[in-house]
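If you're matching them up, the sequences are chains W and H in order. One point on numbering: in my numbering, the residue at position 40 of the first sequence is 40, and numbering is uninterrupted. If you want my numbering, it's the 1-based position in the second sequence plus 522.
None of these hints come from the bench; they were simulated from the model. Keep in mind that this is a model prediction, so the values were computed, not measured. Beta carbons: idealized from backbone N, C-alpha and C, even for Gly. Incorrect hints may appear among the rest.
As the list claims (entries may be wrong) - The following label-pair restraints were derived from C-beta to C-beta distances:
#: 1; chain 1: W; residue 1: Asn40; chain 2: H; residue 2: Thr557; range: 21 to 29 Å
#: 2; chain 1: W; residue 1: Val145; chain 2: H; residue 2: Thr1002; range: 37 to 45 Å
#: 3; chain 1: H; residue 1: Gly1009; chain 2: W; residue 2: Ser474; range: 43 to 51 Å
#: 4; chain 1: W; residue 1: Ser497; chain 2: H; residue 2: Arg1020; range: 44 to 52 Å
#: 5; chain 1: H; residue 1: Ser611; chain 2: W; residue 2: Gln394; range: 29 to 37 Å
#: 6; chain 1: H; residue 1: Trp556; chain 2: W; residue 2: Gly359; range: 49 to 57 Å
#: 7; chain 1: W; residue 1: Gln89; chain 2: H; residue 2: Asp1000; range: 48 to 56 Å
#: 8; chain 1: W; residue 1: Ser298; chain 2: H; residue 2: Gln705; range: 23 to 31 Å
#: 9; chain 1: H; residue 1: Pro964; chain 2: W; residue 2: Asn413; range: 44 to 52 Å
#: 10; chain 1: W; residue 1: Ser495; chain 2: H; residue 2: Thr1002; range: 37 to 45 Å
#: 11; chain 1: W; residue 1: His483; chain 2: H; residue 2: Phe1094; range: 17 to 25 Å
#: 12; chain 1: H; residue 1: Thr1002; chain 2: W; residue 2: Asp362; range: 35 to 43 Å
Stated by the list, open to error - To give a feel for the contact side, a few chain W residues facing chain H, derived at Cβ under 10 Å:
#: 13; residue: Val86
#: 14; residue: Asp175
#: 15; residue: Ser274
#: 16; residue: Asp306
#: 17; residue: Ala334
#: 18; residue: Asp337
#: 19; residue: Phe511
Stated by the list, open to error - Cross-link-like lysine to aspartate or glutamate pairs, in silico, DMTMM-like; alpha carbons within 25 Å at most:
#: 20; chain 1: H; residue 1: Lys860; chain 2: W; residue 2: Asp191
#: 21; chain 1: H; residue 1: Lys882; chain 2: W; residue 2: Asp191
#: 22; chain 1: H; residue 1: Lys1113; chain 2: H; residue 2: Glu1217
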Amino acid sequence: MPSSCSIRALWILNSLDAVVLSRKFPVVEKQWRAACKTMNDNSNNTEEDPLKHTVSPFLPNDAELSSAFAERKKREGSLRGYGIRVNNQSVKGSDSWVDDPITRHIISINVESKVEGGENHLLWPLILHLRGSYVILVLPLVEPVHLKAYAKLCRKSDCGNAVGVDASLSSILLDTPSITGAFMVAHAIGDIIVGDVVDPEVVVNAAPSVGGLLDSLTGSIGITGISSRAKPVAAPVASATPSGAASIGTLTADTPKLGSRPLDKDTLRNFISSAMPFGTPLDLNYSNIFAIKANGFSSSDLLPADFKQPAWKPYLFKGKQRILFTINETIHAALYDREEISDTISVSGQINCRAELEGLPDVSLPLPGLNKAHVEVLSFHPCAQVPEHGADKQAVMFSPPLGNFVLVHYQANCGLGPPIKGFYQLSMVSEDEGAFLFKLHLMEGYKAPLTMEFCTVTMPFPGRRVVSFDGTPSVGAVLTTEHSIEWKIIPIGRSLSGKSIEATFPGTVRFAPWQIQRLPFL
Amino acid sequence: MNPPDKPLLKPLSPQDWESLIEDFQQGGPRHHKWTAPDLLQSLIDQAFTSLLKKDFLLKLPLLLFLEEFSETFFTHETHLNRLLESLRSVIQSPLDGVTISYYLKEQFMVSTTSIFVTVNALEKFHARFIEGLVELLVLVINRPNHSMDRQTRAIACECLRELEKCWPCLLSNIGGHLWSLCQNERSHACQSYLLLFTSVVFNIVNTKLNVSILNTSVPLVPFNVPQWVLSGGDENGIGSKEVVVGLNYKELRRAMAFLLESPQLLTPSGMMEFLGMVMPMAVALELQASMLKVQFFWMIYSFDPLSCHAVLAMYSRFLDVFDGQEGEIFTRLLLISKETHHYLVFRLLALHWLLGLLSKLMFSGEVGKYKSIFELGLRFYPAVFDPLALKALKLDLLAFYSICLDRLKLESFSGEEVGIGKSAAKLFEDGLVSVSAFKWLPPWSTETAVAFRAFHKFLIGASSHSDNDPSTTRTLMDSTIFHTLQGMLVDMTLQFQRLVPVIVSYTDRLLGCQKHCWLGERLLQTVDELLLPNVKIDYKLSSYLPIFDRIAANSTIPPRGLLDLLDKFMVFLVEKHGPDTGLKSWSRGSKVLGICRTMLKHHHSSRLFLGLSRLLAFTCLYFPDLEVRDNARIYLRMLICIPGVKLRDLLNQGEQLLGISPSSHSSSFFNVHSPRQHYQNLKKSRNISAYIHIERTKPLLVKQTWSLSLLPLGDGSAKAGYLESIRDSDPLVDIRDLNDSENLLTAPETERICKSQEPLRVMDSKISEILEILRRHFSCIPDFRHMPGFKVRISCHLRFESEPFNHIWGDNSPTSQLDGVDGLPAIYATVLQFSSSAPYGPIPSYRIPCLLGEPPRNDGISGQSVSLDIVPIEDGASEEESFRAPVTIDLEPQEPTPGLVDVSIEANAENGQVIRGQLQSITVGIEDMFLKAIIPSDIAEDGIPAYYSQLFNALWEACGTPSNIGRETFQLKGQKGVAAISGTRSVKLLEVPADSLIRATEQYLAPFVVSVIGEPLVNMVKDGGIISNIIWKDFASDSFLESTTSVTGLERGPLHLTYGDDDESRSSINISKRNMGCFFVLIFLPPRFHLLLQMEVSDLSTLVRIRTDYWPCLAYVDDYLEGLFLA
């Protein structure tokens, strides 16, 4: 069996752990059964295998799956689970026993045996993806040996795996591209569920929507929410702050947002049937899929004369030719304001592109000064042809797909200092009262064309409720919410350009009386 | 309800179908109601009709439904036939935009293919079905570049690919056609054409089938299933003989070259499929793998994770081709983990891939490649904005790096060469900075967990858990990282007390691991060494108690240090106790006792004994909290009384059964039993006296076989005592008061006058002296009716035989297999209860915490008897001491009579069974009643012999002729009761030689001898030293004998008679002549009687004059004296 990214089944569960949509792929399932049979035939000669029963040739039905998932949730403490082995709470045979953070994303569940008193079957690897209020579970096809290896890992009675040993989770993950593929599937499905696109923003003019071919295509099929609307390019995963309550959960909060829109089952079914008719994904680009589904092809859709049309570009552009680029950058900075510790500043950005070009042209985009700019990470859209020793070259050649796309992601160490510098102190003068001081320099060292459009500083107090606050900033206005104080130094519309300013903000904040918390031990 | 098939006769509405589909998918009972065969038949009929109906809206879900449950529905040829026909009609029907769309056609093809594959159409049914399906699909794809249906053609290609995947080489005959189609197709569907052709070529290569893929002579339609597919069928490939096995390399390489031209056309998912087939083909066709590298390596720079993974798959397959490029790949993976635009999981995956590759590299053993790892080394450090999960994995990488450093050192790579400036310990410290918040976050925070996870990874390093792993714990323990970590751990514990539970569970984790429990032990030892001396003794110490508990539980750590510390802590608690610390003291104290208990469970008692007993004793004496004191007392008793192994078993068993600390509940636990078990135990208990023995420590001289029992006389009041000799003095109070004062102050004459009721008697000064002595004596005797009387203590011992005990009580606990003391059975919490028909008052029961069984005596017959010959008896007895529990029976006799004491036992066997039953009775002899007379408190030490002598004389007189003191009564202690003396006399001649008499007297009566008279006798006895502290008198200075003889002159009557009876008067003269002297023996018989012996010792016989104020005892005394001297 050649290695592929097939999927045995996928389930979508709602917040009550009930299956709202399930899809099984009998063709893949047949491969799985054949593999199980081969394995069992081979292992007949050897000694009785303690893990023999963990591998089941059958898939659970929806009710079994949902109860097994609920049981897992209970066992692991939360939807995703602990991830690493937690004192007194991780039990042998559970995911957290494996002691690896990735078990928050690749989970296993124990499906009750259909035979009375029989041993439970292990269902692994289940890709867990949370989107909206829904839980997406995708079960990729792996080889039974991998499942057995995992079962061994999570049932070992020892103190935890050493790094770099042979049968580690790492080597299993390296050997199973189907898990990676299943993640792609899960994320694609997640995007459809919330109706959210990852199409990057390419601003053409003041109008929020670009209105190109693809927009008209996707817009016409009535998928609400799927459009190339503007969207800030925040990282999909919030970086955990190094300390504080926010870092207790390893990822963003487990509790899914409530009140998202109902599941559009038909759209999902159509997507699944088109993207992976037999359980093996062919193309996960839903813009293309929905465009084909909605429009089909007409005789007017001419074929290129000399070239083959790539699978990721089902339609060719016709019309006025132009190509647009935008750049989005985010700066992450940790400012210590201390001599002995240098500040950490990194820039991550992306080049978005929209190429409205006829035919199948190759575009070469020069990227001068890459070496000078200390660019650390550089990764490209699959449509780009990266020559060998890619990072050194000064230009990128690509054959643009339709619509908006991210051409390059990059990350670099900042040459320039951060646009905001300074320090912040908060000291508690009494149990419920704290005095704070901000001293900030804005746009220090930034020259004329660079503009700071707005600037807001937020002081979050996730654990305390702000009752009152006292203090006046040297510039800007202050807004308090229940758990934070926001200081709008430069409000929107009053941009700062060509000069640097200094802003100070001394003040005191009063919190509601401290809630007596239960101490863990006394 | 209607029968289920009835409603099915009418057509199902779309809503019905929807709920039906849901029922099937839910499974369980909802599914089962549909599974009757005729139901299924009618269901599939309806499904086909619905699918072809124009206005049916649920066609697609219905198709998916049939696909998912195809094995349930398609069990017969007719079904397949019908399916195929439906497909044909759908494909061939023109588009109408409403019911027949491309989309429906596509889905119909997909579902049909899926059903055919799932039900194994080729093996189970006739080949014409497959042939029909392939023909249909091939007709669809055979229109390359047709504009309208390009997507449909793509899907048809996918269907064909699935069929080819399921039945390898099914399409090998038409490979040539497929290739040309592939070359022609220019729409986006070309990916599917490409993949289809690739899979055909792949299967040909894989099964080594010799067919031409350039040959287009076989027509596309009609399609025939090739012979090799039909005959072979198994996955090992083509078994048919007429096929020549052997690859047509030239053609296939051409095909490969064609395929490798077009990777740019594929989507990432398609690329994965494609590469999955191309890689093994390249190997089989002996192509240069570097060709693949050139074609596909760029994908590693894509931000599509799947593309990256595809390159990695290639890399791990062709390691040598990528020689020199490891660094590039590793760096790239590390960078992917930094890309914040990715979902976290992809960043984690990238690190996992890196780790997987690195370990693969390490196992390949090529040292040279380590270099590329070292160049990376420092980039493994977690960054400040990394999510915790990422930090955890990066710390793993650092741990891995430290292992590499070690390996390098082992392989004598010089450090400078690769620029290793850092030790593993330094790596760890630096890495830990990224999660340093764990020191002030609550102990349950994930940050803490991550920190300790890293701790663990660094600690165990490369030592895996597989048995064939050569690295030993020993080498680990010697490593520097281990020493550094230990130090850090102790420092952390001292500094951050809230981390103690985390450290405890961390050591638990190590201790629970077979391979690394040594590490855990060593850690605890370090804590014991370094932490204990440095902790401050205050209330905060209690936060360390959990880790102390682990130390206590570890038998490799000498408990002294901990005991000392706990000692100090207890003292601290006692000292600091005040009104507001009650609860604190209780909780701390209980916890400390919990640790003591843990020690008891895990250490040898001998190791603990000194320290722990001191601690417990201090606690049960001074601790402010009652419960703690009580528990301490229980533990102390257990420590003292129960042998180590048994104690450990006991504590462990209690814990298992109760699941909680049974410290104060053990008794209730042992009492709770099911009635059935109790009944069984009753049966078992029937004959326990056969192997559980209670015996007197000193056997009685006289085997008393009878006892005189006197019924209370007349008035029926059992309490009236004996012969009214004692009565309440209440009515006489006035008189007595008067009496007393007169006694003390006035002449005896007045006394007599006042006691008008009494007969007149001669009172002289001597008698009044006697009376005074007697009054004084009696006033010391407690009145047993009103206060605790004299106690008679009989010492016994309890023992039981192991073998019969084990036999009956079925102790099959593992301890019975142990050797020596540990192998012996034991009974616990034994309570002996005593009862007697004799007037001994209430007898308190006796408790024995633990008793071991006597070892079997199979070797005793030869060995022990021999040893007894050599070894003095006393030694033998002490040797057995450990198997005998001393038992004392405290009697409070109301009459000094011999009797029987019945003994019943109640005890627990080791397995918790209750042993209950009657043991042999204990005989109480008259000699048990012998007590020394009480000495008034105002008699000085050196006045005692004189007092005894006086008392003897007085009593002797009083028990003589009644007239002497008449009916004088004496007030008892407490001044409520009075007693009168009514004496009786008797004599006994003992024909024993003087020396044996003296010996017997010395042995048995020594304490009671009040004086010895007569020079020869004194000389003989005094030197022995046994009889001491008495009055010694020679004849010369003696007037007593005379006086007594004169006073007791009448006694000579019976004496003479006795002598008179004797035949030889000479002998009597002889005897009297050779009278050596006299023993005066004063025996107090509780509650208030006396036995006086005057033994006139001669050479060959001894005359014993007996006087008593309790005449029934004479009967026993006679036997006793005979037993004593004549036996």
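Status of each hint after checking the structure:
In this structure the hint that Asn40/W and Thr557/H lie 21 to 29 Å apart at CB holds, the actual value being about 27 Å. Taking the beta carbon of each, Val145/W and Thr1002/H are about 38 Å apart, inside 37 to 45 Å as hinted. Evaluation of the 43 to 51 Å hint for Gly1009/H and Ser474/W yields a pass: the beta carbon distance comes to about 49 Å. Between Ser497/W and Arg1020/H the C-beta distance comes to about 50 Å, which sits within the given range of 44 to 52 Å.
The given range of 29 to 37 Å is broken by Ser611/H and Gln394/W, whose C-beta atoms sit roughly 60 Å from each other. At roughly 55 Å, the beta carbons of Trp556/H and Gly359/W sit within the given window of 49 to 57 Å. For the pair Gln89/W and Asp1000/H, the supplied restraint of 48 to 56 Å is violated, since their beta-carbon distance comes to about 34 Å. Between Ser298/W and Gln705/H the C-beta distance comes to about 25 Å, which sits within the given range of 23 to 31 Å.
At about 35 Å, the CB distance of Pro964/H to Asn413/W disagrees with the hint of 44 to 52 Å. The beta-carbon spacing between Ser495/W and Thr1002/H, approximately 57 Å, falls outside the hinted interval of 37 to 45 Å. Under the hint 17 to 25 Å, the C-beta atoms of His483/W and Phe1094/H, about 44 Å apart, miss the expected range. At about 57 Å, the beta-carbon gap between Thr1002/H and Asp362/W misses the expected band of 35 to 43 Å.
Interface restraint check: Val86/W against chain H, minimum CB-CB distance 6 Å, threshold 10 Å, status holds. Annotation: Asp175/W was flagged as interfacial toward chain H, and the flag holds, the nearest CB pair being 8 Å apart, inside 10 Å. Nearest Cβ of chain H to the Cβ of Ser274/W: about 8 Å, under the 10 Å cut. The hint holds. Given the 10 Å rule on beta carbons, the hint for Asp306/W holds: about 8 Å separates it from the nearest Cβ of chain H.
Contact between Ala334/W and chain H, as hinted, is supported at the beta carbon level, the nearest pair being about 5 Å apart and thus within 10 Å. Taking 10 Å as the C-beta cut-off, the interface hint given for Asp337/W is violated, the closest approach to chain H being about 15 Å. Residue-level restraint check for Phe511/W is violated (minimum Cβ-Cβ distance to chain H is 19 Å; threshold 10 Å). Distance hint between Lys860/H and Asp191/W is fulfilled; the C-alpha atoms sit about 23 Å from each other, no more than 25 Å.
Distance restraint check for Lys882/H and Asp191/W: the Cα-Cα separation of roughly 36 Å exceeds the 25 Å cut-off, and the hinted pair is therefore not satisfied. Under the criterion of a C-alpha separation no larger than 25 Å, the hint pairing Lys1113/H with Glu1217/H is inconsistent with the structure, at around 43 Å.
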